[in-house]
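Asks: Read off the chains here:
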Amino acid sequence: MTATLPDRDTSSTRVARRHRLAERGIDRQLLLLAPALICVLALFVYPFAYGIGLSFQPAEGGVFGAYRAFFTDAYQRDTIATTLGLALPAAILNVAASVPIAYRMRGRFRGKRVLTTILVVPITLGTVLTAEGLLNYLGPTGWFNRTLMTIGLTDEPVRLTNNYWGVFFSLVITGFPFAFLLILSYLSGIDPTLDRAAATLGAGWWQRFHRITLPLLAPGLATTFCLTFVLAFSVFPSAVLVGDPAGTTRVISIAAYHAAYEVYDYPLGSAIAVIMGLVELAVVAVVLGLRSLLYTGSTGGKG
Amino acid sequence: MKSRMTVGAWLVWGAVVFFFVHLAGVIFSVVVNSFGERWFDTWLPQGWTTKWYASAWNEFGLFQILIVTLEVALLVVAISLLVGVPASYILARRSFPGRRLIYLLFLLPILMPPITYGIPLATVLYKYGLAGHLAGVVLANLVPSIPFVILTMTPFIEQIDPSVERAARMCGARTGQVFVRILSPLLVPGILAASILVLVRTVGMFELTFLTAGPDSQTLVVALYYSMSAAGIRAQQSVDAMAVIYMASMLVLLVIALRFVNPTQLVARVKEDPE
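Protein chains in written order, with my numbering: chain G, 1 to 303; chain C, 1 to 275.
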């Protein structure tokens, strides 16, 4: 009897602790989360931490050698400006063009499903195929230049591939449908009775758009801009294929790839990847910060 | 005011038509070129042929590439579902300390450009000898796929009445039984949607596969990239034939996908009301 007493004691404290944890929402069922968490930790967090660690261990130049090498070399440093110069205008154009078009098409009309289906096509085709198509279509003897010359707008072909514009168009072709579909689904989440109530009170369409729809759309706009920007920021295949990868469209992902897999300078490659992530997160933070300055409160719709 | 509305409508429809005309130009110039005999300074090729498909099939070893693409896509779908569905169940149903942090952790891989984490990931995979093989490609593609399954599944799980599960538990079912006998049948639409979305994204995923694939583990889109960047060695039409094969397989996937999911779901997880 005396031998079993301490045994029962520990088991009862174990039960008590389990109860206390269960009250806070922790029990064995949470183990279902473990596989996914292990995958993300092993395949995302650990490599990232490893990359950050590697970026501080360059072959020469001390702890910050790789970062110093990046920022002192104008050829490398300018890739940030090049990438932003491509990604920001493309993302702004995609979102700005999507808003009026989606606003006009937010209601029900015949062929809406067909329209959205066609718009999904360029997203699924991806940048590699778009690049191939742009090379054919916008090239010196492609249909586009041929049409321009037939109409008589130009005498000689306009150069639109293997430079800034080729990459820009590829970003618009894959980015615009993406932005449009997102904004369309945000818009259809806004309660239409709000718009009708404003109309009853005598508001014109501009007032209704400006005072009712736009503020409610603001969170969705910020999210859309961020996702479109991330898509455009990671431009890699099209910058190589339809761009001028050694000059005007040498974006930061090309620099990172070049350092890691063509020069085999893994510290520099990791450092550039880290810088790329930081720049991207900085833009996202600015956009989300601006949004919280402009409007805070309930979105009214489902966001 | 009436006239301004119609001007606006004209502008909007004009912009849409403008976009579609150029989109069609981009797509059809690839298709036409792949069937063309010789096409230099004319509107259309001088003759039509299918020989480029035969040469693409043989030169690029397309059969092998298609098999690899299928293997990678199916493995990624299967693993990310097995891992992601239980996790999304917990995240949808339970509240516990650190839930927001874990949710953010699952969101990050979707918010970061693939190249950013792809380069350190590929470096780690090379260190352990996994990259350059099928295993490395599958592991790399799991990074965005698992979070994507979690995000796609959450609304489907939220729709299931928790009292159904409680009733099953009252009748003595264990967690495993609840999953297999109660939740899985109810979640079939969500699982189908998630698996098709992951399939489309994996087949189209360029960056991660590109960074981790070896010569015998290239998927279709990576093989297309390599054949394009080595243009000049092979006939342009042959590359275009391969592009058309890629396009056709993506369109087949898309048609299947659209039977199960809303077009907007291919872009993001947004609930849409039945209109």
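A portion of the hints provided could be inaccurate.
[Stated by the list, open to error] Restraint-style ranges between C-beta atoms, simulated for each label pair:
| hint | chain 1 | residue 1 | chain 2 | residue 2 | range |
| --- | --- | --- | --- | --- | --- |
| 1 | G | Ala96 | C | Lys127 | 19 to 25 Å |
| 2 | G | Gly25 | C | Phe18 | 49 to 55 Å |
| 3 | G | Ile26 | C | Arg181 | 54 to 60 Å |
| 4 | C | Phe18 | G | Val45 | 22 to 28 Å |
| 5 | G | Ile26 | C | Gln159 | 21 to 27 Å |
| 6 | C | Leu111 | G | Tyr50 | 16 to 22 Å |
| 7 | G | Arg108 | C | Pro189 | 22 to 28 Å |
| 8 | G | Thr248 | C | Tyr126 | 29 to 35 Å |
| 9 | C | Gly14 | G | Val286 | 44 to 50 Å |
| 10 | C | Gly176 | G | Gly25 | 19 to 25 Å |
[To be verified] Partner residues are not named here, just some residues of chain C that face chain G (Cβ under 10 Å, in silico):
| hint | residue |
| --- | --- |
| 11 | Trp13 |
| 12 | Phe28 |
| 13 | Gly61 |
| 14 | Pro120 |
| 15 | Ala122 |
| 16 | Cys171 |
| 17 | Ile182 |
| 18 | Ser184 |
| 19 | Gly214 |
[Claimed, not checked] Stretch by stretch, here's where chain G covers chain C in the computed footprint (C-beta under 8 Å, at least three residues):
| hint | region |
| --- | --- |
| 20 | 78-89 |
| 21 | 153-163 |
| 22 | 186-192 |
| 23 | 239-248 |
Calculated directly from the structure, the hints in this document are not laboratory data. Beta carbons: idealized from backbone N, C-alpha and C, even for Gly.
Asks: Return the numbers of the hints above that this structure violates; sort them in rising order.
Replies: Going through the list in order, the structure violates hints 1, 3, 4, 9, 13, 16, 17, 18, 19, 21 and 22 and respects the others.
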